[in-house]
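Colleague: Residue numbers for the sequence shown follow the working numbering, so the first one is 1182 and each next one is one higher.
FYI, nobody ran anything at the bench for these hints, they're computed from the structure. Note that CB positions come from ideal geometry on N, CA and C, so glycine has one too. Please note that a few of the clues may not be correct.
[As the list claims (entries may be wrong)] Each pair of labels, with its calculated beta carbon distance range:
{"id": "1", "residue 1": "A1335", "residue 2": "A1204", "range": "51 to 57 Å"}
{"id": "2", "residue 1": "L1334", "residue 2": "H1307", "range": "50 to 56 Å"}
{"id": "3", "residue 1": "E1266", "residue 2": "Y1355", "range": "28 to 34 Å"}
{"id": "4", "residue 1": "A1205", "residue 2": "A1239", "range": "19 to 25 Å"}
{"id": "5", "residue 1": "V1220", "residue 2": "T1349", "range": "51 to 57 Å"}
{"id": "6", "residue 1": "D1264", "residue 2": "P1294", "range": "17 to 23 Å"}
{"id": "7", "residue 1": "L1206", "residue 2": "L1238", "range": "26 to 32 Å"}
{"id": "8", "residue 1": "T1349", "residue 2": "F1283", "range": "24 to 30 Å"}
{"id": "9", "residue 1": "P1352", "residue 2": "A1320", "range": "23 to 29 Å"}
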Amino acid sequence: MRLPPRSRERGVIADKAVWFFGAALAVLAVWIGASVYFVLPPNVLSSESDVHKNLQLAFTTVSPQGWGFFTNAPQATEIAAYDAETMASLMLAPQGRVENLFGLSRAQRAQGPELAQLSEAVGQWHECETGQTREHCLAEASSLQPQKITVNLAHRTLCGPIILTTETFTPFEYREFDLPMHSIETFTTVDAVC
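Let the sequences and hints guide you as you build the complete structure.
Modeller: If you want it as structure tokens, here you go:
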């Protein structure tokens, strides 16, 4: 049985569409694979040639890959806040806590900009000496004269005398040792005016 000319034309057009879609999909797969390969840090597959470096620069510029936009580096310092009298944490994070409705509440996200503004306004930070425990550093901070700081934000979570600290995570390599999750690097005491 022979197909009418119109049906044959539709079949040819459908074949062309399938081939075009397949070619576009192949080009996209090659592009994604190359962009991931060229933005990886130096590894066994990397080359020191100028061509490789130029391609790496081009792909990093045109289609950067990475999660740096979404997350902080695990080695980065964090700012934390503690009550100056009880030394209890004033942090509303992590998001998965019951108080934060297991991540549904976004109120704790407002604390980041507030902490950033408070820490920028601090005049003097004090070093937490190597070997000092977290409790010792917090006790030393609570004995300091607080610096009065005013932050103009609509949503305030930190008011009154508080201890601000910069902390680093304990590296994952030391997970088998009995160490705290964070180590205090520097500290200060502020009186956050609300």
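Colleague: Using the C-beta atoms of D1264 and P1294, is the stated range 17 to 23 Å upheld?
Modeller: holds, 20 Å
Colleague: Taking 50 to 56 Å as the hint, is the beta-carbon distance of L1334 and H1307 inside that range?
Modeller: The hint (50 to 56 Å, Cβ to Cβ) is violated, given that L1334 and H1307 are roughly 25 Å apart.
Colleague: Given a hinted range of 28 to 34 Å, is it respected by the beta-carbon distance of E1266 and Y1355?
Modeller: Cβ of E1266 to Cβ of Y1355: about 32 Å, so the range 28 to 34 Å holds.
Colleague: Looking only at beta-carbon atoms, does the pair A1335, A1204 fall within the given range of 51 to 57 Å?
Modeller: Holds, at about 53 Å.
Colleague: Is the gap between the beta carbons of L1206 and L1238 within 26 to 32 Å?
Modeller: holds, 27 Å
Colleague: Does the hinted range 23 to 29 Å hold for P1352 and A1320 at CB?
Modeller: holds, 26 Å
Colleague: Is it true that the C-beta distance of T1349 to F1283 lies inside 24 to 30 Å, as the hint says?
Modeller: holds, 27 Å
Colleague: Hint says 19 to 25 Å; check whether the CB-CB distance for A1205 and A1239 agrees.
Modeller: This hint holds: roughly 21 Å between Cβ atoms.
Colleague: CB of V1220 to CB of T1349, is that within 51 to 57 Å?
Modeller: The hinted range 51 to 57 Å is violated for V1220 and T1349, with Cβ atoms some 27 Å apart.
Violated hints, listed in ascending order, are 2 and 5; each of the other numbered hints is respected by the structure.
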